[in-house]
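A.B. asks: Here are the chains, one letter per residue:
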Amino acid sequence: MTMNPPVETEALFAGDRASAILATARAMVEDLHLGAVQRWKAANPGGMAIGYMPVYAPRPLFEAIGCLPVSILGGGDQIDIIRGDSYYQSYICHIPRSTIEMGLGGHLNCLDGMVFPSLCDVIRNLGGMWKMLFPERWSSYLDLPQNFALHLGGKFYASELTRIAKELEARGAKPLTAENLRIALKNENRRREAIAVLDDLRRREPWRLPASDAYLLVRAGGMLPAVEHAEMLEEFASAVMQRQARPFDNVRVVLVGSFCEQPPFDLIRTLEKAGCDIIEDDLMLGLRYIEHALDAESADPLETLAHGFIKFGAATASRYIGEEEKGAALIARVKATQADGVVFAAASFCDPALLDQPMLEAALDRAKIPFTAFKFAENTGQFQVIREQAGAFSDSVKLWF
Amino acid sequence: MIAPVAKKHLTAGIDAGSSSVKVAITRSEAGDHPEILATAVQRIRRRNIVEVVQSTFAAACAEAGVKTEDFDYIASTGDGEMVEMRTGHFYSMTAHARGALVLEPAARAVLDVGALHARAIKIDARGKVLGHRMTGQCASGSGQFLENISRYLGVPLEDIGPMSLEAEKPEQVSSICAVLAETDVINMVSRGISTPDILKGIHLSIAGRLERLLRAIGADEVVLLTGGLAHDAGLVAALREVLVQGKKNVQLEARSHEEGILAGAIGAALLGAWRVDQLVKKGRLELLGARAAA
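Protein chains in written order, with our numbering: chain A, 125 to 525; chain B, 6 to 299.
Please keep in mind that the hints were generated in silico from the structure rather than gathered at the bench. Take the hints with a grain of salt, since some may be wrong.
To be verified - A short, non-exhaustive set of chain A residues, derived as facing chain B with CB atoms under 8 Å: (1) 154; (2) 252; (3) 367; (4) 369; (5) 371; (6) 372; (7) 373; (8) 374; (9) 397; (10) 398; (11) 516; (12) 518; (13) 523; (14) 524.
Said to hold, decoys possible - Beyond 10 Å from chain A on every Cβ pair, some chain B residues (computed): (15) 72; (16) 93; (17) 289; (18) 291; (19) 292.
Predicted, not measured: the structure shown is a model, and the values here were computed from it. Beta carbons are placed, not taken as given, at the ideal position from N, Cα and C, and that holds for glycine.
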């Protein structure tokens, strides 16, 4: 990921503590060799690092058995895809190609295993390819339930979680205990709260905390234990309040559709430069997927974790619920955040995002909420057209709605 | 637009382009009945653009006799991040559309020809953008290309237009690629083609691209040239020539204005005034300067 310095942010805030934390997060995100994960393994001998593809994986389960869950989000625009292209036809998205490229190129050698949660056919096939390409490493397809009855989907999911814990235990992970899982749930709750504080700040004062900064901070946590990430975010939230910032008359938008393949960082900056304050998004959705804190004192924490997915999972494209429910959830987000409009930014050929989009657009139309839509690939390098579109959208919302 | 609040808004528009910074200071009633109090233009010439913005803004403020804290809204357009004192930002297309109406109320299309891109914009009587097309990656329809040519030919930039008007037998150049066009020009010089004929050929080439942009947006009435090349008499003449030749069933008429380069800045200033009115009505006073909030 080639990140041009965010001129405005760096010029205004250079030298403060918040900027130093941001620089750390940026370095972690740019490091395709996962240096943060390597450091964790060095500090935790015998600890296993388990990568997982978007959107959601049960991070507390891995932490409870002494593993570090690592969010794998492809190679962005930092690596050339050569071998990855030979595994996929042209009309699918980019993230599986770059993930294959990273795997074959040794970027992911520090991982002891990989999880492929059920999201779409492409990620499912990637899971199959991974088993063939890296037979010596543990990997598993995680069948997230699509039946949301607790006694069916909840029971099934709990059995899936148990299976994964046992498979990893056989490879050297700690046995799953209720006490360790409670601690992991508590830690994850703390991280969720820290992210919520940041999200709240950028909704209230987007000029103080632009979405591009928030994105780096949250994304860096995809390769940190929950407690370390929470500490980082908590320190940042405190430091950022020292920044002298003033508001700009921008439009407030919700960004939708980037829950799996992540857009290039410069695309987020392009939207901001075009006058959009992104005050809500589904970037890095996995860390926000469960929308409520889970009971860390539960008598059966495994059931709590499984039922949390069923009861509190985000209404996103990988969740097969009624289209009315997703449209209503989007409108509720727009209203709750006092957004002026919605920007659909989906990865090219992303079936889940692009199949949902017409229904979401229809819901916005009915609610008279303005929106615009474009597609990207993680290695998109030209943003002029998107800047044109976002600028025109921003002005039309400001002037004509 | 809804009825404006009967208050005079003092606003500034700052157009941070890729080769120059333009500033306009206006007083208006939510953008209507505008009075242009001062304007300033400075070339960037490899200087720090933030400093050029500040210097140009200071010059315009001095001419208008106002201070930064007097403004209700300071609007940026172009590269808005370089305008640190901005209240808000408007996209250059929107700003040029609004500014063009001030300079030429009959305009229903705008040709914004800047240093890096050319863009045709179809507008309605309110300045609302109805459609647009712009040149792609190639720079052969842009001011930067003309600057390069002026350097090759040793002709001062300001002399290009008048010299082009003296052409007798313009020489055709590539209209597709700036690199090929520059090669064409070198060949012409070696073949002894006169400088006015070369320049006119280039202007006709650019005009051809602009005409295609205008056709693509369905422009069929008065079109105003704005941006850095709005001053170029040679380009204006070539465009008129091309439009006459290409005229079929549409009545396209190209017009220019001596302040065409300021259209973006003027438009941004007036959109800012309109925005003040909106924000006051919405109670979003925290976004405005102290004067407007009061």
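A.B. asks: Next step is simple, just say for each hint if it's right about the structure.
C.D. replies: We went through each hint and held it up to the structure:
Here the hint on residue 154 (chain A) is broken, as its CB sits about 22 Å from the closest CB of chain B, past 8 Å. Violation of the interface hint for residue 252 (chain A) is found here, the shortest Cβ-Cβ separation to chain B being roughly 40 Å, above the 8 Å cut-off. Proximity of residue 367 (chain A) to chain B is violated relative to the hint, the smallest CB-CB distance being about 15 Å (cut-off 8 Å). At a threshold of 8 Å, the smallest CB-CB gap from residue 369 (chain A) to chain B is about 12 Å, leaving the interface hint violated.
Contact between residue 371 (chain A) and chain B, as hinted, is supported at the beta carbon level, the nearest pair being about 5 Å apart and thus within 8 Å. Satisfaction of the interface hint for residue 372 (chain A) is found here, the shortest Cβ-Cβ separation to chain B being roughly 6 Å, below the 8 Å cut-off. For residue 373 (chain A), the suggested interface contact is upheld, since its CB lies about 3 Å from the closest CB of chain B, less than 8 Å. Restraint check, residue 374 (chain A) versus chain B: the minimum CB separation of about 7 Å is within 8 Å; hint holds.
Against a cut-off of 8 Å between C-beta atoms, the interface hint on residue 397 (chain A) holds, since the closest Cβ of chain B lies about 6 Å away. For residue 398 (chain A), the suggested interface contact is upheld, since its CB lies about 7 Å from the closest CB of chain B, less than 8 Å. Satisfaction of the interface hint for residue 516 (chain A) is found here, the shortest Cβ-Cβ separation to chain B being roughly 6 Å, below the 8 Å cut-off. Annotation: residue 518 (chain A) was flagged as interfacial toward chain B, and the flag holds, the nearest CB pair being 7 Å apart, inside 8 Å.
Evaluation of the residue 523 (chain A) hint against chain B yields a held restraint, the C-beta minimum of about 7 Å falling below 8 Å. The beta carbon of residue 524 (chain A) comes within 7 Å of a beta carbon in chain B, closer than 8 Å, and the hint placing it at the interface holds. For residue 72 (chain B), the requirement that its beta carbon stay farther than 10 Å from each beta carbon of chain A is met, with the minimum near 17 Å. Non-interface call for residue 93 (chain B) relative to chain A: violated, since the shortest CB-CB distance, roughly 3 Å, does not exceed 10 Å.
Interface exclusion of residue 289 (chain B) from chain A breaks down, the closest Cβ pair being 8 Å apart, not more than 10 Å. Once the 10 Å rule is applied to beta carbons, residue 291 (chain B) is inconsistent with being away from chain A; the minimum gap is 6 Å. A beta-carbon of chain A comes within 10 Å of the beta-carbon of residue 292 (chain B); the shortest separation is about 5 Å.
Hints 1, 2, 3, 4, 16, 17, 18 and 19 from the earlier list are contradicted by this structure; the remaining hints agree with it.
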